[in-house]
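**Q** Use these hints to put chain B onto chain A, whose structure you have.
Protein sequences, first through last, are from chains A and B.
Residue numbers for the first sequence follow my numbering, so the first one is 8 and each next one is one higher.
Residue numbers for the second sequence follow my numbering, so the first one is 8 and each next one is one higher.
No wet-lab data here; the hints were simulated from the structure.
No incorrect hints appear here.
The list treats identical chains as interchangeable, and a pair is accepted whether it falls inside one copy or across any two copies.
Only pairs whose alpha carbons sit at most 20 Å apart, straight line, appear in this in silico SDA-like list of lysine to any residue:
no., residue 1, residue 2
1, 46, 272
2, 213, 249
3, 199, 234
4, 92, 268
5, 160, 260
6, 146, 261
7, 93, 14
8, 93, 255
9, 124, 68
10, 10, 91
2 protein chains.
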Amino acid sequence: MKKLTTPYYLIDETLLEKNLKIIQRIREISGAKSVLALKCFSTWGVFGLMQQYLDGTTSSSLYEARLGREKFGKEVHAYSVAFSKKDIESIKNFADKVIFNSISQLMNYYDDVRTMKLGLRVNPGISYSHFDLADPARKYSRLGASDQAEIIKAAPLLSGIMFHFNCENDDFKNLSTALDLIGQNYGDLLEKMEWVSLGGGLFFTKAGYPIELFCEKIKNFSEKFGVQVYLEPGEAVITGCAELVTTVLDMMHNEIDIAIIDASVKPTC
Amino acid sequence: MKKLTTPYYLIDETLLEKNLKIIQRIREISGAKSVLALKCFSTWGVFGLMQQYLDGTTSSSLYEARLGREKFGKEVHAYSVAFSKKDIESIKNFADKVIFNSISQLMNYYDDVRTMKLGLRVNPGISYSHFDLADPARKYSRLGASDQAEIIKAAPLLSGIMFHFNCENDDFKNLSTALDLIGQNYGDLLEKMEWVSLGGGLFFTKAGYPIELFCEKIKNFSEKFGVQVYLEPGEAVITGCAELVTTVLDMMHNEIDIAIIDASVKPTC
Chain A
8 MKKLTTPYYL IDETLLEKNL KIIQRIREIS GAKSVLALKC FSTWGVFGLM QQYLDGTTSS
68 SLYEARLGRE KFGKEVHAYS VAFSKKDIES IKNFADKVIF NSISQLMNYY DDVRTMKLGL
128 RVNPGISYSH FDLADPARKY SRLGASDQAE IIKAAPLLSG IMFHFNCEND DFKNLSTALD
188 LIGQNYGDLL EKMEWVSLGG GLFFTKAGYP IELFCEKIKN FSEKFGVQVY LEPGEAVITG
248 CAELVTTVLD MMHNEIDIAI IDASVKPTC
Chain B
8 MKKLTTPYYL IDETLLEKNL KIIQRIREIS GAKSVLALKC FSTWGVFGLM QQYLDGTTSS
68 SLYEARLGRE KFGKEVHAYS VAFSKKDIES IKNFADKVIF NSISQLMNYY DDVRTMKLGL
128 RVNPGISYSH FDLADPARKY SRLGASDQAE IIKAAPLLSG IMFHFNCEND DFKNLSTALD
188 LIGQNYGDLL EKMEWVSLGG GLFFTKAGYP IELFCEKIKN FSEKFGVQVY LEPGEAVITG
248 CAELVTTVLD MMHNEIDIAI IDASVKPTC
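Isolated chain A, as found in the complex (with noise of 0.2 Å):
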């Protein structure tokens, strides 16, 4: 291998071919597509073998759409927790599905964009913290709508819906529990839509995940509510595969023994 300058980030493809597959048997087994959430993972230098088990990307701006459409390719989900309209007119080029944080926000550029595959994302709620759901579903929460009888008024303009409430969530239990609710609450509403997206945050490659259970609840879920259900994994497809590679610039001491890398996570003082 070629002597790189240092610091970067080492991949291993094989250990990433490794989460992929466990990607692909979800697809095969649960029928769920999963799209790469672009905000966690963006290296597009190993998209090539990425796209082989992945069914696209999925973003949080307009720049990251674009990334997705010229160097991932297949479908392009675009969110942002607020497009200009700027953004909409450009998004047009690039995305697939659009998926908006709020009904104001689908009422604004509804005209600009009613040809496209439309999306909203809806705040599960705080009813549902007690089961340790990630931020999302906090106080207060800007991300997604809440408002169950305006989200039921605005689902004739929506193909999908999509609910990110995970985040390092290991626990099969608890996500099993959290969809049970989903669907008690808002099953109305998904058997109108073609589409959900349960969002990121899970982590099913991670060691001991029940993988068929996740995979036959899943499955369940799509086929009562007559929905193809996406996941956007991040962090689950890149996790234990890299690693950041350095040089020891300078050995101190202060009681301690300290290296000084050329790399940094924050700014020093």
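**A** For chain B alone, coordinates are given in the frame of chain A:
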């Protein structure tokens, strides 16, 4: 004024000049020179104004040193928590002074930079932590040399010393006590030096800061040890002079009204 695209920082030159005039006054009364900490502020659009009042820049990496040389001019101090061999070869093109973080770095590169003015960052030590000194004095700190015997041995290679031990410090009494302790502990060392940098983090542009007392203290310190004092203001130069101008892209309601703007300090989920 031309209509700008948000988000942008709007810098008020009148307010900035007010801060700069305080720094000029400090130089006139105390004799202390001030170099802008580029790590804190590097918007070179206003360097033309700033260079009329400041003596140059200080940097924490090779590229900052280059920015200081090419866009600000005057004196360029170059510090790094660890220079690589390549950094050191380039730094000669940009810097007037090179300030090392450790004696091992000084020794490693002494032959490369012996014709330049060399400084050493000294960690004033954890014994000052009860004066609420900032992070650099914490246990196991990697910021600065801490072995006094070794520092004294290295003194013949140095023309100056840098102590950086404050952060948003608006408490003159605290600074005064810390300077007395530094004088007591490092007096022998300081007397061998041409210059000493007291670092950044002093909030002397805050309303009500006792500028006269501060100047007197600095002047006495400078005269007592026969050293040119440098200050490295960053935040003190720009605080209160700029606003982040944004556009509201969406209004949501989730118990409270929430404005979504086209800027953020952290990524969203």
